[in-house]
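**Student:** Read off the chains here:
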Amino acid sequence: MAQRTKKLMDDSEISPGKWLLFTGMNTQLGEIRIPTVFFGVDLPVGPYKSIGLQLGTLMRSDLNRFQESAIRPGSFEIAGCLKFFLHGKLSGHRSGVYLGPDFRVSRRNYVFSATDFNFPPNPNRPTFQTKGATLRALLNSGWQFRHNQVLVETSLPIGIEMNTTNLPFVQGQFFYDQYAGRKLVILPTISIGYVFQ
Amino acid sequence: MFSNKNLLLSGALLACCVLLHSCIYYQRYSMPKTRLNKINTESLSFYVIDAAHPLTKAWYVAEMDMKNQRITGFLSRLSDIEALEVGIVRNRRDGKNSRNDVLLYTSPRLLMGFGDTLTTTIPFDQIERIEVHEPDFTKTLGTSILMGTAGFFLFGVLALGIN
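So the sequence lines, in the order shown, correspond to chains A and B. FYI, my numbering numbers position 149 of the first sequence as 149, with every residue one higher than the one before it. Remember, my numbering sits 197 above the position in the second sequence when you count from 1.
Heads up, a few of these hints could be off.
[To be verified] Once the Cα atoms are required to be at most 20 Å apart in a straight line, the calculated EDC-like pairs of lysine to aspartate or glutamate come out as:
id	chain 1	residue 1	chain 2	residue 2
1	A	Lys18	A	Asp62
2	A	Lys89	B	Asp298
3	B	Lys230	A	Asp11
4	B	Lys230	B	Asp291
5	A	Lys89	B	Asp277
If you're looking for bench data, these hints aren't it; they were derived computationally from the structure.
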């Protein structure tokens, strides 16, 4: 009547690598989805911790007559995070699961316009462009699968974001509500990477 | 006064906390011998188990001291039922209660002459394997996220109904 046992390595003696190079994509869940493609570097600090840095570019979107806002090229995001890998206090085994804080600052270029539901659509619909900044404070939880030097990572940071824009304040305007003030943000992310030993 | 929406949100958070707390899964893991010198033994219970008869022959190690690749201590033999309790983990609660137990599966040749109580020294090379119970983090976090997401959508639908 043997119990099922998993054999584990003592990861406290195994080098997690000198640095890890990532590339991946995330998108914000909600009414406004802004996919971001990023490159990142992870610097392991000991066997169970690492510091991550990311630089991402927000993918541009096109303004159509049903859409009040779009992202223009030149929008970018810088992120810094800490990853604390959960590990067994007795076995020393490092699991692929990690938790940690994640802070993101982005500079965004927007183009706005009122929606146009008329037919035929107005070809000279007025638009205006503005800039905005976003600060996100998130709690990151993720899972990292490593096979030799290659790794795949998926994570689900959840937190709040604070937006500031140069928009004139117009209460009740859709774009003002979406791009100003604080709100909950969920940011599913997937990435692949390579470990440099 | 709290509105219905706030009460519902508080209820959802409380339910999520209770669910997450009860969703820690434990798994039995094999621990490398090299870890023995690195762990803090203060809050742990060590058991010496006969690798050939793991469910009936077990000793509790008291006054344990670990030095020079050897374990020294006072061994007290467990009854058959107690040995079974130590050797078998039936559910999550058992796993949680056993998280401070270290099971040292030792060569039957060494344990052959052991009585019910004795003070002895066991060299590390006589230990065949070591087993411990630890949280299965992948399963725990995966289940928590799934249940949290389901709860979020469920209470979201209820909140929409109230509005």
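**Student:** Would you mind marking each hint as holding or not holding in the structure?
**Tutor:** To see whether the hints hold, each was checked on the structure:
no., hint, in the structure
1, A:Lys18 with A:Asp62, "41 Å, violated"
2, A:Lys89 with B:Asp298, "12 Å, holds"
3, B:Lys230 with A:Asp11, "13 Å, holds"
4, B:Lys230 with B:Asp291, "24 Å, violated"
5, A:Lys89 with B:Asp277, "29 Å, violated"
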